[in-house]
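Go ahead and model the full structure; you've got the sequences and the hints to work with.
Chains as they are written, first to last, in this note's numbering: chain A, 1 to 343; chain B, 344 to 505; chain C, 506 to 784; chain D, 785 to 1107.
Take these hints with a grain of salt, some might be off.
[As the list claims (entries may be wrong)] Straight-line alpha carbon distances no greater than 35 Å define the calculated DSBU-like cross-link-like pairs of lysine-lysine that follow:
| # | chain 1 | residue 1 | chain 2 | residue 2 |
| --- | --- | --- | --- | --- |
| 1 | D | Lys906 | A | Lys208 |
| 2 | D | Lys903 | D | Lys968 |
| 3 | A | Lys290 | D | Lys801 |
| 4 | A | Lys208 | A | Lys290 |
| 5 | C | Lys724 | A | Lys290 |
| 6 | C | Lys778 | A | Lys337 |
I should point out that these hints are in silico values taken from the structure, not numbers from a laboratory.
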Amino acid sequence: MLLTITADNLKSLLDKLARDSLLVAPVLEDGVTRLKPVKAASEIALDYSNTATSIKDFLFPQSEDLLRFVTDGTLSIEEIKPERAQVAFGIRPCDLASVALMDKVLTTGEYADTHYQARRKNTVLIGLACESPADTCFCTSYGYNPGHSAGADVMLYKDGDQYLAEALSDKGREVVGGPGEGLFKPADEAAGQAVKKAYAEKEVPFGKEVDVEGIDQLLDNFFDDQYWDDVSKKCLGCGTCTYVCPTCHCFLLTDEARGGEGLRFRCWDSCMFANYTKMAGGHNPRPSKKERVRQRFMHKLNYYPHRYHSYLCTGCGRCVAMCPVGLHIAGVIKDVKGVKAHA
Amino acid sequence: MSVNEKAAPAAGPATNPTTATPAPEGWEPKIIGFACNWCTYAGADLAGTSRIQYPPNIRVIRVPCSGRINPQFVVRAFQRGADGVLVAGCHPGDCHYSTGNYFARRRYLLAKRFIEYLGVEPERLQVRWISGSEGQKFADTVRELTEKLRALGPQRRLRETL
Amino acid sequence: MPENPLVPSVATIDRITPETAASDVKTFQVTFDDPAVMERFNYMSGQCAMLSMFGVGESMISITSSPTRRGFLEFSVKRTGRVTDVLHEAVEGQKIGVRGPYGNHFPLEMLKGKNLVFIGGGIGLAPLRSLINNVLDNRKEYGRIDVVYGARSPGDLCFKYEVLENWTKYENAQVHVTVDRGDETWTGPVGFVPAFLEQVNPSPRDAVAVTCGPPIMIKLVLQSLAKLGFTDDQIVTTLEMKMQCGVGKCGRCNVGDKYVCIDGPVFTLSQLKQLPPEF
Amino acid sequence: MSATFTDHQAALRDEVKKLLTDGSIKGFIGYARGRDSYHPVPAIVTRPDQVDGLILDQFSIFGLTKYLLDYIFEDGKMGIVVKGCDALGLGRLINDHRVDRNKVHVVGLPCAGVLNGEKVAKLGLGKVQRVTDKGSAFLVEGDKGSKELPKTEYLWDKCLWCENHNPAGADTLLGSEVENVAMKPRDFSDITALEKMPSAERAAFWTRQFSRCIRCYACRNVCPACNCRECVFDIADPRWVGNTVKLSEQQMFHFTRAFHVAGRCVDCGECERVCPMEIPLMKLQRKLQKDVIELFGNPKPFVPSEVEVLGQFRVTEDPEEFM
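Here's what the structure looks like:
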C-alpha cells in the first residue's frame, strides 16, 4: 500500500528513530556527505547525489571484532557477536541493490558469514529514490533505476514537499506502524504509481553511455588480452576503488594482542594491494599491477557473474568519481567493448 | 556504527578531547623516557647511586643515541598509555657518535611542534639534554614533568582502544 | 563448535615430530579439547584446516593424517612465515586454534581400482601422505602403487619412517626416492623428481597420477607425465594460494571464478587447464 | 597573457611521435581525455599510433612523475610532460636516487596556473571548446555557455602562490617560459589559525578528519616524496601500523606519513586532491613547511635539494630549545 509522509513528519519519525535506536543517515561534514550515526534529524543532510561511502560500512564494517582471546598459559576464546539494531536512512537505489549482491556471497553457500547475517537481520533499510543522479551515476546500465526499491524495508520518493512511502517488508511495516504510527497517510494509488514510474524512468545520462550487455561473455576469452597491460599502467595501486565500492567485500583476518590477551579482527582488504595475494614463502600469483587490475574487473564482470549470475557492480559511480587516475569500471566496459569490436 | 568511529560512541568523537574528564581515583601519571645510553642513561644511573629522590612515574627505555628515537616511538607511547614522554640525550657537542643529537635536535624541533599541532598538550612531550654527570638534572626533569602531568590529568587524545 | 565459521576451536598439540635434519619441517599431532568437536571433525584426504596462533594470525595447512586413523589430526608444517615461525616455537601441550576442515579432497572414487602413482616433492608429500595412508589402509581396493618422492637432500626427506619403511612393506607397492644432492650416507638415486619419474617410468594404463610439491616441480612433473602418456584426466594435483577465511568469502584465493579454499585445492589437470594461469 | 596548455598540444604530439619513432624513448607519460573535459587522466603511450590520444588542457593538474618508478628496472628512456610543480616532484625522485635523470626525457610545460576542474565542472558550461588566457582570468568556452573565470577563484590554491611556473631542467620546452611571479604571497593563515586554537579543539579537529580516513593509501601512492622501496605501512613484521581501521591507527598513519615526508614534500598538493574522504592533508604538510622556514631559515623547503632539511644540521645556528 502506498503512503505519504510530509517532510515535517519524516523529521519527527527520524527523531524518534534516532532516540529509540541507532540511526545512521547522511551527514555533511567538512565537505563530505557520508553515512554516520546521528542523534537527531537536524543533523541529516538531504542534498546529496550519493554518500561518499556506502551502507557497506554498517553491514560489513571496515574492521570488526570477531573474537577475544586470552593466551596466558592456557587459551580461551570468546566469540564476539554484533548485537546492535540499527536503522539506516537515505540509502540510494544502487546501494540497496549492492546489499543483495553482498548477500549472495556472505549468506549463501555452505558457510554463512554469521556477523554479516546478524547485522543484516538487525538493520532496517530506509531507501530514498534519486532526485538528481550525478554525472558519474550509471545504475541504469545494470537494469536498476533511480527509483529501484528492491532491498529496502521502507522506500521513500520525494514528491514535491512531501514523500511517497512504501513499506516493503515486515521490518518496514514495523517502522511504519510503530514509530511511524500517525505520521503516514494513505496515498492516492494512481498518483503514487505515477510518482514511482517517473522515478523509474528518470534519465541517467552516464548510464546511456555505458552498455554492459554481454560484457561477461566478452570477457570469457579476454584474460590474455594486451588491453590489461595497457590499462593497468595507469593504476596507482591505491585501494580507493575497492574501499568506496558498495559491493567489494574482500577481507583480511588479523590479530592484535597486548600481553596475553587480544582481539581477532576482520578488516577490509583490497585486491589492488601488492601484499594481498603474497604468500608466506614469497610467491605472489598477482605480482604486478596488470594482474591486480585485471583481477578486480574480471571479478566484477566475469568471475562473479559466473558464480552468482549478476554483475558485481551497481553503477553507483563512486569509483568513477573518486579514482585518482580515472581508471574505473565504466571506462573498462567501454574499452573492452571497443577492443572486441575491432578484434 | 562505522568502524571509523570505533573509538567513539555514536555521539561523535568518542574520547571527546574537548571535555576534560577527571582523573580516576588513585591515578598516577605514567612517563616513558627514551634515554640515550651514553649520557642520559648514565645520568639516571647517577641519580640513583647518589640517592637523589625523584618520582617513580618514569619507565626508562635505553636507546643507543637520541638520534635513534623515531618520533613514531613517541606517538606510540602516547597511544599505548603514556601520559608524558621524555626524550633525552647528550648535550650538543657531546654525542658519542659525534652528530646523532644534532640530527635529533632538528627532528624534535619539528616533531614537538607537529605533535602539539595534532592536539597533544605541549607539556606532555619534553626533550632535554642530560649528561652523565647531571643526575640532579635528570631527577629535576622527571619531577617537573610528573608535576605538570599530574596537573594535566591523564592523556586521552592519542589513546588507543584495543 | 562456534557458530561463526571464522572462529576456531581450542586444540592441544600432543606431539611434535621434527621431520627434517634442519628441523624446518615439523609434524604436529593435535586433538580438540572438546571431544564433541573432535568427533564432528570429519575430513577427507586432501582437505586443509586453518591453524591459529593467537596474536599472530592463521595459516591454512593441509591435513597430513589419514581419516582412516581417527582420534587425532596431524599437520606437517614448514617454517616459512610469521605464523609458522611461532608454531615452530610451540611446545607439546600448548594450545592452538583449529578450524575446518576446508576445501575439496582427493577423488577417492576416481582412484578406486586404479594403479596409483604418487609424486611428491619436499613438504609437498604432506597432503599425499594422508591419501597414501588412506589407500594403504584399504589396500585391496586399489591396484599397483608407486610412490615417487624427492627432496633437496637426504636431510630434507620428510616422513622417513613411513616412506622408507612402512610403505615398502605393502604388497604391490613400491617407493622410489631421489634427492637433488646426495651426501656421504646417501646410496640411493640422485636427481630431480621429473627426470627420476621418467626413469621409474610408471605405465599410464589404468593409472592415475597424483602430484604435489613446489610449483616448479609440479610444472615439470606435468610435462614428464605427458611424455609418459598420462592424459589430463589421469593427473590430479593441488593448488596453493594465500587464504584468509577458508570459506569462500574473503576473495583472496580465487583462480578465475574458482576459490581454491572451497573448490580446490585438488584439481585434475583437465580442470586446471580451464582456469586462467594465475596461480 | 600567455599560451594555454592546449596551444601546445600539437607540438607535444609531434615531439612524442618523433621521439617514439626514432627510438629515443620507449614510452611517454602524458594526459588523455577522461570522462569529461574537466577531468583529464594520465596516459602512457608506447606506440606512435597512440600519440593522438594524448591531450593537453588547462585542467591537467595530475602530477605524473610517480609513474616513473614503474620503469626504473627497465632499459631505455621514458618521456614525461611536467609542469613547474611536477618538475619539483621529479627532482624529488632524482635527488632520492630513485629515478635516473639519464633515463628520462623531460618535456617541460610552462604553466600560468591550472584550473580547478572540480569547481569549473559545476558551472554547467558543458563540453569545453576553448580556454583562453585573459591575464587575470581564463575565458572558458563550453558548448552550453562561456564564462570568464578569475584566476584567484578558479585556479588550484597552490597555483596562486606558485613561484615555479617554468619547469627547471627540461630537455624540451613547449613554447616559451612564462613570467614567474606568484599571484599571492605564500599563505599560511589557515595553519596559523589552527595553531592558535586551544589544543583540545585542535585535537577534536584532527580526530574528526582522521576518523574519516579509509586507509586507501591514495595519498601515499600519488606522492613523489613517498618513494620508499618498501613502505613502512606494508611491512608485516614489525607492524608499525595495524590493519585495523580505528582512530589510533589512523592517527599513527597520518603522523607517520606526514613526518616521513617532512622537509621533502614538494608542495604539489596531490595527496589532498586525491583523498576520497577530503582530509585536508596539506594542512599537515604546510605546518611542517612553515616550521622548517621559521626554524631553519630555509625559505623554500619544497624545492628538492641534495641533502634535505632533516638530513643535515648546523651546530650553532640551529635553534636550541632543549637545554
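Hint by hint, here is what the structure shows:
1. Lys906(D) x Lys208(A): OK: Lys906(D) and Lys208(A) at ~21 Å, within 35 Å.
2. Lys903(D) x Lys968(D): 20 Å, holds
3. Lys290(A) x Lys801(D): Holds, at roughly 25 Å.
4. Lys208(A) x Lys290(A): 29 Å, holds
5. Lys724(C) x Lys290(A): 23 Å, holds
6. Lys778(C) x Lys337(A): 26 Å, holds
The structure agrees with every numbered hint stated previously.
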